[in-house]
Amino acid sequence: MSETTAKVRKSLARRYRQEKRFQAYGILSIGVGLLALLILFTDIIGKGHSAFFEHYIQLEISLDPDVLGVDDASDDEQLNYANFGGVIKEALRERFPGVDDRQQQRQLYALVSSGASYNLRDELKADPSLLGGTRELWLLADDDVDLYLKTPERKRPDARLDDQQKQWIEDLEAAGETDKRFNASFFSHGDSREPELAGIGSAIVGSFFTMIVTLCLSFPIGVAAAIYLEEFAPRNKFTDFIEVNINNLAAVPSIIFGLLGLAIFINLFGLPRSVPLLGGLVLTLMTLPTIIITSRAAIKTVPPSVREGALALGASKMQVVLHHVLPLALPGMLTGSIIGMAQALGETAPLLLIGMVAFIVDIPGGPTDPATVLPVQIYLWADSPEQSFVAMTSAAIMVLLAFLITMNTLAVVLRKRLERRW
Amino acid sequence: MDTARELDNRNRADDDAAKPLIDVEERSMQDTPYPEKTVGKPFVDAPKMKLRHVNVFYADNQAIHDVSLDIGKNEVISLIGPSGCGKSTFLRSLNRMNDTIDICRVKGELHLDDQDLYDPKLDVVELRARVGMVFQKPNPFPKSIYDNVAYGPRLHGLADKKYDLDEIVENSLRKAGLWTEVKDRLHSPGTGLSGGQQQRLCIARTIAVSPEVVLMDEPCSALDPIATAKIEELIDELSESYTIAIVTHSMQQAARVSHRTAYFHLGRLIEVNDTETVFTKPEHELTEAYITGRFG
Amino acid sequence: MQTGNLLLLLVAMVAAAYYIGWQKSLAQARPLGGIRHLESLPFYYAMRAALWCAIPALVVLGAWLIFDDAIIRSTVMMSLPEEMRPASEGGRNLLLSQIQNVASGALASDSVRPEIAGAADRLRGLRGTNTMALTVVFIIVAMLGGAWGWLKIAPQLRARQQVEKILRVLFMLCALVAIMTTVGIVMSVLFESIRFFGQVSPVDFLFGTQWSPQTALRADQVASEGAFGAIPLFMGTLLISAIALLVAVPVGLMSAIYLAEYAHAKVRAVAKPLLEILAGVPTVVYGFFAALTVAPFIRDLGESIGLDVASESALAAGLVMGVMIIPFVSSISDDVITAVPQVMRDGSLGLGATKSETIRKVVFPAALPGIMGGILLAASRAIGETMIVVMAAGLAANLTVNPLEAVTTVTVQIVTLLTGDQEFDSAKTLAAFALGLMLFITTLVLNVIALHIVKKYREQYE
Numbered sequence: 077m078s079e080t081t082a083k084v085r086k087s088l089a090r091r092y093r094q095e096k097r098f099q100a101y102g103i104l105s106i107g108v109g110l111l112a113l114l115i116l117f118t119d120i121i122g123k124g125h126s127a128f129f130e131h132y133i134q135l136e137i138s139l140d141p142d143v144l145g146v147d148d149a150s151d152d153e154q155l156n157y158a159n160f161g162g163v164i165k166e167a168l169r170e171r172f173p174g175v176d177d178r179q180q181q182r183q184l185y186a187l188v189s190s191g192a193s194y195n196l197r198d199e200l201k202a203d204p205s206l207l208g209g210t211r212e213l214w215l216l217a218d219d220d221v222d223l224y225l226k227t228p229e230r231k232r233p234d235a236r237l238d239d240q241q242k243q244w245i246e247d248l249e250a251a252g253e254t255d256k257r258f259n260a261s262f263f264s265h266g267d268s269r270e271p272e273l274a275g276i277g278s279a280i281v282g283s284f285f286t287m288i289v290t291l292c293l294s295f296p297i298g299v300a301a302a303i304y305l306e307e308f309a310p311r312n313k314f315t316d317f318i319e320v321n322i323n324n325l326a327a328v329p330s331i332i333f334g335l336l337g338l339a340i341f342i343n344l345f346g347l348p349r350s351v352p353l354l355g356g357l358v359l360t361l362m363t364l365p366t367i368i369i370t371s372r373a374a375i376k377t378v379p380p381s382v383r384e385g386a387l388a389l390g391a392s393k394m395q396v397v398l399h400h401v402l403p404l405a406l407p408g409m410l411t412g413s414i415i416g417m418a419q420a421l422g423e424t425a426p427l428l429l430i431g432m433v434a435f436i437v438d439i440p441g442g443p444t445d446p447a448t449v450l451p452v453q454i455y456l457w458a459d460s461p462e463q464s465f466v467a468m469t470s471a472a473i474m475v476l477l478a479f480l481i482t483m484n485t486l487a488v489v490l491r492k493r494l495e496r497r498w
Numbered sequence: 062m063d064t065a066r067e068l069d070n071r072n073r074a075d076d077d078a079a080k081p082l083i084d085v086e087e088r089s090m091q092d093t094p095y096p097e098k099t100v101g102k103p104f105v106d107a108p109k110m111k112l113r114h115v116n117v118f119y120a121d122n123q124a125i126h127d128v129s130l131d132i133g134k135n136e137v138i139s140l141i142g143p144s145g146c147g148k149s150t151f152l153r154s155l156n157r158m159n160d161t162i163d164i165c166r167v168k169g170e171l172h173l174d175d176q177d178l179y180d181p182k183l184d185v186v187e188l189r190a191r192v193g194m195v196f197q198k199p200n201p202f203p204k205s206i207y208d209n210v211a212y213g214p215r216l217h218g219l220a221d222k223k224y225d226l227d228e229i230v231e232n233s234l235r236k237a238g239l240w241t242e243v244k245d246r247l248h249s250p251g252t253g254l255s256g257g258q259q260q261r262l263c264i265a266r267t268i269a270v271s272p273e274v275v276l277m278d279e280p281c282s283a284l285d286p287i288a289t290a291k292i293e294e295l296i297d298e299l300s301e302s303y304t305i306a307i308v309t310h311s312m313q314q315a316a317r318v319s320h321r322t323a324y325f326h327l328g329r330l331i332e333v334n335d336t337e338t339v340f341t342k343p344e345h346e347l348t349e350a351y352i353t354g355r356f357g
Numbered sequence: 002m003q004t005g006n007l008l009l010l011l012v013a014m015v016a017a018a019y020y021i022g023w024q025k026s027l028a029q030a031r032p033l034g035g036i037r038h039l040e041s042l043p044f045y046y047a048m049r050a051a052l053w054c055a056i057p058a059l060v061v062l063g064a065w066l067i068f069d070d071a072i073i074r075s076t077v078m079m080s081l082p083e084e085m086r087p088a089s090e091g092g093r094n095l096l097l098s099q100i101q102n103v104a105s106g107a108l109a110s111d112s113v114r115p116e117i118a119g120a121a122d123r124l125r126g127l128r129g130t131n132t133m134a135l136t137v138v139f140i141i142v143a144m145l146g147g148a149w150g151w152l153k154i155a156p157q158l159r160a161r162q163q164v165e166k167i168l169r170v171l172f173m174l175c176a177l178v179a180i181m182t183t184v185g186i187v188m189s190v191l192f193e194s195i196r197f198f199g200q201v202s203p204v205d206f207l208f209g210t211q212w213s214p215q216t217a218l219r220a221d222q223v224a225s226e227g228a229f230g231a232i233p234l235f236m237g238t239l240l241i242s243a244i245a246l247l248v249a250v251p252v253g254l255m256s257a258i259y260l261a262e263y264a265h266a267k268v269r270a271v272a273k274p275l276l277e278i279l280a281g282v283p284t285v286v287y288g289f290f291a292a293l294t295v296a297p298f299i300r301d302l303g304e305s306i307g308l309d310v311a312s313e314s315a316l317a318a319g320l321v322m323g324v325m326i327i328p329f330v331s332s333i334s335d336d337v338i339t340a341v342p343q344v345m346r347d348g349s350l351g352l353g354a355t356k357s358e359t360i361r362k363v364v365f366p367a368a369l370p371g372i373m374g375g376i377l378l379a380a381s382r383a384i385g386e387t388m389i390v391v392m393a394a395g396l397a398a399n400l401t402v403n404p405l406e407a408v409t410t411v412t413v414q415i416v417t418l419l420t421g422d423q424e425f426d427s428a429k430t431l432a433a434f435a436l437g438l439m440l441f442i443t444t445l446v447l448n449v450i451a452l453h454i455v456k457k458y459r460e461q462y463e
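In the order they appear, the protein sequences are chains A, B and C. Residues in the first sequence are numbered consecutively from 77, following this note's numbering. Residues in the second sequence are numbered consecutively from 62, following this note's numbering. Residues in the third sequence are numbered consecutively from 2, following this note's numbering.
These aren't lab readings, by the way, just hints derived from the structure by calculation. Any given hint could be a false lead.
As the list claims (entries may be wrong) - Far from chain C, by Cβ distances over 10 Å, these chain B residues were calculated:
{"#": "1", "residue": "105"}
{"#": "2", "residue": "113"}
{"#": "3", "residue": "122"}
{"#": "4", "residue": "168"}
{"#": "5", "residue": "222"}
{"#": "6", "residue": "225"}
{"#": "7", "residue": "227"}
{"#": "8", "residue": "228"}
{"#": "9", "residue": "242"}
{"#": "10", "residue": "247"}
{"#": "11", "residue": "317"}
{"#": "12", "residue": "346"}
{"#": "13", "residue": "350"}
Stated by the list, open to error - Computed Cβ-Cβ distance ranges for the label pairs, DEER-style:
{"#": "14", "chain 1": "A", "residue 1": "387", "chain 2": "C", "residue 2": "266", "range": "38 to 44 Å"}
{"#": "15", "chain 1": "B", "residue 1": "181", "chain 2": "C", "residue 2": "271", "range": "26 to 32 Å"}
{"#": "16", "chain 1": "A", "residue 1": "344", "chain 2": "C", "residue 2": "111", "range": "32 to 38 Å"}
{"#": "17", "chain 1": "A", "residue 1": "92", "chain 2": "C", "residue 2": "265", "range": "18 to 24 Å"}
{"#": "18", "chain 1": "A", "residue 1": "145", "chain 2": "C", "residue 2": "106", "range": "27 to 33 Å"}
{"#": "19", "chain 1": "A", "residue 1": "310", "chain 2": "C", "residue 2": "266", "range": "41 to 47 Å"}
Beta carbons: idealized from backbone N, C-alpha and C, even for Gly.
Could you build the full structure based on these sequences and the hints that come with them?
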């Protein structure tokens, strides 16, 4: 055994320990990343799943025409001004007799959501014959009650209710007069100060309109720009400048685009604030670089032989591009655009600056109606003090993530399906 | 004889399907049969490396077919043959560089002195310190000249003191014939040298570890003739202290530097003989066809 | 007519122009013996007519919409008696919105001064006339364009060349949008910043250590010295970004190395996309996670070992931001590591180096420029990140490097200054743009350097 071999052998144990340590760092790093992902998702789902359900309270309600102030239940005008709150309060007093103190009565009334009157109105509208009768009806519970019922029994003392209210709720629960139902209004309602009435309906519609505007602008412009840069632009300093420009724009912080929207679109051009049209314009400018870059990459994969073949048959450059290059590059362009749209859908910061933080109750009817978008709704709710909004926010995040995952999966599937190998 | 030829032809058919690399000229040689076993003198007394029945596979493609060869102590043996004949693959299996390719499997008995190269208990790190390798393209590390040469000794802890390390570096660079050219700029980057200097740097880097065998995989293919001449000179000098196996594309080079020459054809070792014999009166038809330039 | 309806009408007119263009070119081809005697295919004649119909009309519409509002507003303003016209822009805007509210019926006309009610009437009238005039002009331009395109159709007309030229110009205009965006960004932040620096000295802004924009709101107080000193914001941004990079760089880099050099193909195929999900999660989600989960956790943890941790600590925001940029670092590192040629690894392995020695001493130094570029990009990302810090970092400007305290950042202040009640021209609003300018310049410099390094690196191994 030579001297070298002896020395090498001596160093081996230490070096293999190093090797092991190095690999362990690698595994640890991946573990940290994956763990963060896992914690994030379990945290969100853990907090948010309960918001997809809400509690109802059963009360025996007598729809007394005198209390309601309604003599004809088929008259919508009368129903709109009817005192449904009065009959609900009456029903509550009857359910829990002996509550005479005004303070206590107010506590009692707080068990039922202020939105329950609308439940009642809709019931009566659907069946006018109920007027004057007495019926057992399920009414939407207040968010504090809802939260209390959702909390497992041993943790309950934390709730924002006083002991008397807790007693009432437990009585109702024991009597089987509470019920947990799917929270459909979460998907259909607009924002509200009352968590049990708030929903992401208007935000989803707002996001939809914003995305439509973004897609309609960014896809054609991005593809046209990519075609120009890749096929027609002369190779000179100016083209290089455009290219550097696009690469830089792709890395400009998104909030800067919000400043652009505020200064140029709102202050200079006088576009209305808070509308999906404006949001779409800002997001278009933000996603354009992504779409241009991926579209150019897609065009680059079309082999020169295709172009040469068409040119040799006497096609013009434009015909080659429109008849051959574009159709072949389209799948790649679509994939890039979907990824760009997914980015835009999750974007919040620039929209805050152009006024899409407004409190929007009504569902917008078009791209020029004031609206908010899903991520901004999440931001607004995350700031709200009511405990129930934590679950609502998480649930909204789950919906947003579901959309994003769908879009990204679609992009992956599209790429697998349509990608051509040369 | 007939059965042997049949077997060979069948093997060849498999080979064709598996290796699309074969070019047209090689197809024209299909009529010439492979020898039943390597002709000439593949074996020597007291070999440094003893290689028997070596087979190498890339996934399901066999790249080396049953090669048996000895490499003698302090000899220079050159491996020649048409491109895609597997000579580089064979060379890389001698210090287990093929381990870096996932799909590559090596079978057979390969020994360095008495050490089985593919013994699962053997440490590749130790093996590669004993069997060094110089690659086709000069691949100095993006470090200074000094650090390039000192890299191996530092890894293996061959020098305890800075002084020892300086000495190893200087000696290695001297042996590689590079010392006078670079002694004033030891700390400038190795990538700044010319191609020929880079390759000599890589040789210096290899011998700094004092290996017993140096494998060279077409070390001059990326170099100009003057640089090539310098490397060839160097190989000659190195053969005094090292055993060298060199893969080359240039028959002149093989003729100039090596003591023995092995001719590979489509993964088979056709003939091994003294260099002079191979180039003056080759025993096998395929060898003759190759060295007379009928294909290449 | 509403703009949307006008566009629908235009679509119909363009289709009509296309159709009659097509018909006319066919009719002209017939006596000549078929369409091959035409200079171009009928499609191009039809397309030319359609483009002539659409483009001039759209240009007119665009120009009209940009200018009409401003013209109407100034006309209404001018119609007010001299003494009612406010001098400041803020006052003008207030008055205008009052007039607009009266005009739209949101404000009863008898609740305001008669001059304003009159102005509201005038506004309503002008708007009606404006819409009418636009509709008429738009339709006329579109018809004239279409007719021109149709009239010119003749067998010798080089319609294809013309159509292709127009398309080419359109494509080029689309490519110019990227430049226009940059110009728009620069203009929007620059002009407002210049106005800001007219009120607050740049030296005070850049080197002042007091940030309290609220003080400038009081009318009796000029923006006092030091109120707009941005140093605490810069420090806060740096602190949070540094924490983020401290998390993301080692984790991202080691994951990339492990996945590129060690991991089995199957592990890589699963772990890589999973890690990349982290990059696809919207920042508002990270913000929520940081504010409601990580920050309280760190605070409680700190309390349990006797440390006083702010509930909006820089540490929480930085940690979560770090998790967000892990995939950036790892995917760029992965690119540059796999770009290091195999011969380099072979050279090291051939000398008897272990895999980790090869990676640490050969691959990593070779990939370092590319990795540095990636880290700079990640830094630019961290500095410009908004939602995480808006939701999880503080609002008060603290000049500290203690990660357990609350700090505020440039982006947080931009959002805070611009989402409250805005006053035009106040230093408070303009300060947001000055901060935007700083942010833009910083990230631009980082991006240019990073992209340059990465590009040079790629060329080196190509």
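Tested hints:
1. With a least beta-carbon separation of about 25 Å from chain C, residue 105 of chain B lies farther than 10 Å from that chain, consistent with its non-interface assignment.
2. Listed as outside the interface, residue 113 of chain B is consistent with that label: its C-beta sits roughly 24 Å from the nearest C-beta of chain C, beyond the 10 Å cut-off.
3. For residue 122 of chain B, the condition that its CB be more than 10 Å from all CB atoms of chain C holds, with the nearest at approximately 19 Å.
4. Every C-beta of chain C lies more than 10 Å from that of residue 168 of chain B, the closest at about 22 Å, which supports listing it as non-interface.
5. In this structure residue 222 of chain B is separated from chain C by more than 10 Å, as the shortest Cβ-Cβ distance comes to about 20 Å.
6. Every Cβ of chain C is farther than 10 Å from the Cβ of residue 225 of chain B; the closest lies at roughly 18 Å, confirming the non-interface assignment.
7. Listed as a non-interface residue, residue 227 of chain B keeps its Cβ farther than 10 Å from every Cβ of chain C; the least gap is roughly 19 Å.
8. No beta-carbon of chain C is positioned within 10 Å of the beta-carbon of residue 228 of chain B; the least distance is around 18 Å.
9. No beta-carbon of chain C comes within 10 Å of the beta-carbon of residue 242 of chain B; the shortest separation is about 20 Å.
10. Against the 10 Å criterion, residue 247 of chain B stays outside the reach of chain C, whose nearest CB is about 18 Å from its own CB.
11. The beta carbon of residue 317 of chain B sits about 24 Å from the closest Cβ of chain C, which is more than 10 Å, so the claim that it is off the interface holds.
12. No beta-carbon of chain C comes within 10 Å of the beta-carbon of residue 346 of chain B; the shortest separation is about 36 Å.
13. The beta carbon of residue 350 of chain B sits about 32 Å from the closest Cβ of chain C, which is more than 10 Å, so the claim that it is off the interface holds.
14. Range check, residue 387 of chain A to residue 266 of chain C: about 41 Å between beta-carbon atoms, so the 38 to 44 Å window is met.
15. Distance hint check: the CB atoms of residue 181 of chain B and residue 271 of chain C are about 29 Å apart, consistent with the given range 26 to 32 Å.
16. For residue 344 of chain A and residue 111 of chain C, the hinted distance range of 32 to 38 Å is satisfied, since their beta carbons lie about 35 Å from each other.
17. Taken as a hint, the range 18 to 24 Å holds for the pair residue 92 of chain A and residue 265 of chain C, whose Cβ atoms sit roughly 20 Å apart.
18. In this structure the supplied range 27 to 33 Å holds for residue 145 of chain A paired with residue 106 of chain C, their Cβ-Cβ distance being about 29 Å.
19. For the pair residue 310 of chain A and residue 266 of chain C, the beta carbons lie near 43 Å from each other, so the given range of 41 to 47 Å is met.
The earlier numbered hints are all upheld by this structure, with none contradicted.
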